[in-house]
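Enquirer: Residues in the sequence shown are numbered from 2 upward in steps of one, following our numbering.
These are computed hints drawn from the structure, not numbers from a lab. Glycine is no exception: its CB is placed at the ideal position from the N, C-alpha and C atoms. Fair warning: there could be bad hints in the mix.
[As the list claims (entries may be wrong)] Computed beta-carbon distance windows for the label pairs:
1) Arg35 to Ile94: 15 to 23 Å
2) Ala54 to Pro120: 51 to 59 Å
3) Val121 to Ser51: 57 to 65 Å
4) Glu13 to Ala62: 15 to 23 Å
[What the hints assert, rightly or not] Below 20 Å or equal to it, Euclidean Cα-Cα: the simulated PhoX-like pairs (lysine-lysine) are:
5) Lys71 to Lys42
6) Lys31 to Lys66
7) Lys71 to Lys31
8) Lys42 to Lys31
9) Lys42 to Lys66
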Amino acid sequence: MALNFKNYERAERTELGTVAELIGKGGKIKLSPRNFADETKRVVVILEQSNGASDMVICSAELSKRLRSKEITLSQLVGFTVTEQLSSTGEMINVITMPTGGGLIEVNIDDVKQTAYEPVATFNPEELVAF
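Please model the entire structure based on the sequences and the hints provided.
Expert: Below, the structure is given as C-alpha coordinates:
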(Lines of atoms letter the chains of each structure in order from A and count residues from 1; the text may use other names and numbers.)
(Lines give C-alpha, C1' and ligand atoms only; values in the text may rest on other atoms or scores of the structure.)
Protein backbone atom coordinates (compact mmCIF):
# COMPACT_ATOMS: atom_id res chain seq x y z
CA MET A 1 0.00 0.00 0.00
CA ALA A 2 1.46 3.36 -0.99
CA LEU A 3 1.25 6.55 1.02
CA ASN A 4 -1.44 8.94 -0.10
CA PHE A 5 -0.37 12.44 0.97
CA LYS A 6 -3.08 15.07 1.15
CA ASN A 7 -3.81 18.14 3.22
CA TYR A 8 -4.79 17.23 6.77
CA GLU A 9 -8.40 18.01 7.59
CA ARG A 10 -9.54 17.80 11.18
CA ALA A 11 -12.62 15.68 11.73
CA GLU A 12 -15.83 17.69 11.76
CA ARG A 13 -16.32 18.79 15.38
CA THR A 14 -18.30 21.53 17.01
CA GLU A 15 -17.72 22.51 20.62
CA LEU A 16 -21.11 22.97 22.28
CA GLY A 17 -19.86 24.19 25.67
CA THR A 18 -18.92 22.69 29.00
CA VAL A 19 -21.16 20.23 30.78
CA ALA A 20 -21.97 22.89 33.41
CA GLU A 21 -22.80 25.53 30.78
CA LEU A 22 -25.12 23.19 28.89
CA ILE A 23 -26.99 21.98 31.98
CA GLY A 24 -27.29 25.40 33.56
CA LYS A 25 -28.15 26.39 37.11
CA GLY A 26 -30.35 23.88 38.90
CA GLY A 27 -29.54 21.07 36.45
CA LYS A 28 -28.39 17.54 37.23
CA ILE A 29 -26.01 14.86 36.01
CA LYS A 30 -27.31 11.30 36.04
CA LEU A 31 -25.36 8.05 35.63
CA SER A 32 -26.65 4.51 35.18
CA PRO A 33 -24.99 2.15 37.69
CA ARG A 34 -25.26 -0.72 35.17
CA ASN A 35 -23.58 1.30 32.40
CA PHE A 36 -20.94 2.67 34.76
CA ALA A 37 -20.02 -0.84 35.93
CA ASP A 38 -19.75 -2.25 32.38
CA GLU A 39 -16.15 -1.54 31.40
CA THR A 40 -16.76 -2.80 27.85
CA LYS A 41 -18.88 0.30 27.19
CA ARG A 42 -18.25 4.01 27.31
CA VAL A 43 -19.80 5.88 30.22
CA VAL A 44 -23.12 7.49 29.33
CA VAL A 45 -24.07 10.69 31.17
CA ILE A 46 -27.59 12.10 31.20
CA LEU A 47 -27.53 15.88 31.32
CA GLU A 48 -30.75 17.28 32.77
CA GLN A 49 -31.67 20.95 32.84
CA SER A 50 -33.74 22.48 35.66
CA ASN A 51 -36.90 22.37 33.50
CA GLY A 52 -36.59 18.57 33.19
CA ALA A 53 -35.33 18.54 29.59
CA SER A 54 -32.51 16.02 29.23
CA ASP A 55 -30.17 14.44 26.73
CA MET A 56 -27.71 11.54 26.79
CA VAL A 57 -24.05 12.19 26.09
CA ILE A 58 -21.29 9.59 25.87
CA CYS A 59 -17.84 10.05 27.33
CA SER A 60 -14.74 9.45 25.26
CA ALA A 61 -13.02 6.10 25.84
CA GLU A 62 -10.18 7.71 27.82
CA LEU A 63 -12.57 9.78 29.92
CA SER A 64 -14.70 6.70 30.64
CA LYS A 65 -11.62 4.82 31.84
CA ARG A 66 -10.52 7.67 34.09
CA LEU A 67 -13.98 8.21 35.57
CA ARG A 68 -14.23 4.54 36.51
CA SER A 69 -10.76 4.54 38.06
CA LYS A 70 -11.65 7.73 40.00
CA GLU A 71 -8.76 9.65 38.37
CA ILE A 72 -11.41 12.16 37.29
CA THR A 73 -14.25 13.28 39.54
CA LEU A 74 -17.73 14.47 38.67
CA SER A 75 -16.76 17.95 39.87
CA GLN A 76 -14.01 17.93 37.22
CA LEU A 77 -16.30 16.40 34.58
CA VAL A 78 -18.67 19.40 34.67
CA GLY A 79 -15.84 21.58 33.36
CA PHE A 80 -15.14 19.34 30.35
CA THR A 81 -16.33 20.23 26.87
CA VAL A 82 -19.16 18.50 25.01
CA THR A 83 -18.45 18.24 21.29
CA GLU A 84 -20.75 17.32 18.45
CA GLN A 85 -18.90 15.05 16.05
CA LEU A 86 -19.36 12.54 13.28
CA SER A 87 -19.26 8.92 14.46
CA SER A 88 -17.58 6.12 12.52
CA THR A 89 -21.05 5.19 11.20
CA GLY A 90 -21.69 8.71 9.88
CA GLU A 91 -24.08 9.69 12.68
CA MET A 92 -23.73 13.01 14.56
CA ILE A 93 -23.13 12.29 18.25
CA ASN A 94 -22.38 14.34 21.36
CA VAL A 95 -19.26 13.35 23.29
CA ILE A 96 -17.69 14.63 26.50
CA THR A 97 -13.97 14.75 25.77
CA MET A 98 -10.78 15.07 27.77
CA PRO A 99 -9.07 18.46 27.58
CA THR A 100 -6.69 18.36 24.63
CA GLY A 101 -3.87 20.38 26.10
CA GLY A 102 -3.10 22.36 22.98
CA GLY A 103 -3.55 20.10 19.97
CA LEU A 104 -0.93 18.33 17.88
CA ILE A 105 2.77 18.21 18.61
CA GLU A 106 4.65 19.42 15.56
CA VAL A 107 8.31 18.72 14.84
CA ASN A 108 10.19 20.11 11.86
CA ILE A 109 11.86 17.10 10.21
CA ASP A 110 14.95 19.22 9.45
CA ASP A 111 15.54 19.55 13.21
CA VAL A 112 15.54 15.78 13.86
CA LYS A 113 18.77 13.82 13.77
CA GLN A 114 18.12 10.26 12.64
CA THR A 115 19.68 7.56 14.81
CA ALA A 116 19.81 3.80 14.46
CA TYR A 117 17.42 1.70 16.53
CA GLU A 118 19.11 -1.05 18.51
CA PRO A 119 16.60 -3.51 19.97
CA VAL A 120 17.20 -4.88 23.44
CA ALA A 121 16.97 -8.66 23.75
CA THR A 122 13.86 -9.46 25.76
CA PHE A 123 13.89 -13.22 25.27
CA ASN A 124 16.48 -15.40 26.94
CA PRO A 125 15.79 -19.14 26.48
CA GLU A 126 18.00 -19.97 29.46
CA GLU A 127 15.43 -18.32 31.73
CA LEU A 128 12.68 -20.63 30.47
CA VAL A 129 14.35 -23.99 29.88
CA ALA A 130 16.92 -25.90 31.98
CA PHE A 131 20.13 -26.58 30.08
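Enquirer: Taking 20 Å as the top limit, are the C-alpha atoms of Lys31 and Lys66 close enough?
Expert: holds, 17 Å
Enquirer: Lys71 and Lys31 were given as a pair; does the straight-line alpha-carbon distance stay at or below 20 Å?
Expert: holds, 17 Å
Enquirer: Does Lys31 sit within 20 Å of Lys42, going by the straight-line distance between their CA atoms?
Expert: holds, 16 Å
Enquirer: Taking the Cβ atom of Ala54 and the Cβ atom of Pro120, is their distance within the range 51 to 59 Å?
Expert: holds, 57 Å
Enquirer: For the pair we were handed, Lys42 and Lys66, check the Cα-Cα distance against 20 Å.
Expert: holds, 10 Å
Enquirer: May I ask you to test the hint 15 to 23 Å on the CB atoms belonging to Arg35 and Ile94?
Expert: Given a distance of about 21 Å, which is inside 15 to 23 Å, the answer is holds.
Enquirer: How does the Cβ-Cβ distance of Glu13 and Ala62 compare with 15 to 23 Å: does it lie in that range?
Expert: holds, 19 Å
Enquirer: Check whether the Cα positions of Lys71 and Lys42 lie no farther apart than 20 Å.
Expert: holds, 16 Å
Enquirer: Using the beta carbons of Val121 and Ser51, state whether their distance is inside 57 to 65 Å or not.
Expert: For Val121 and Ser51 the Cβ distance comes to about 59 Å; the hint holds.
When held up to the earlier numbered hints, the structure conflicts with none and fits them all.
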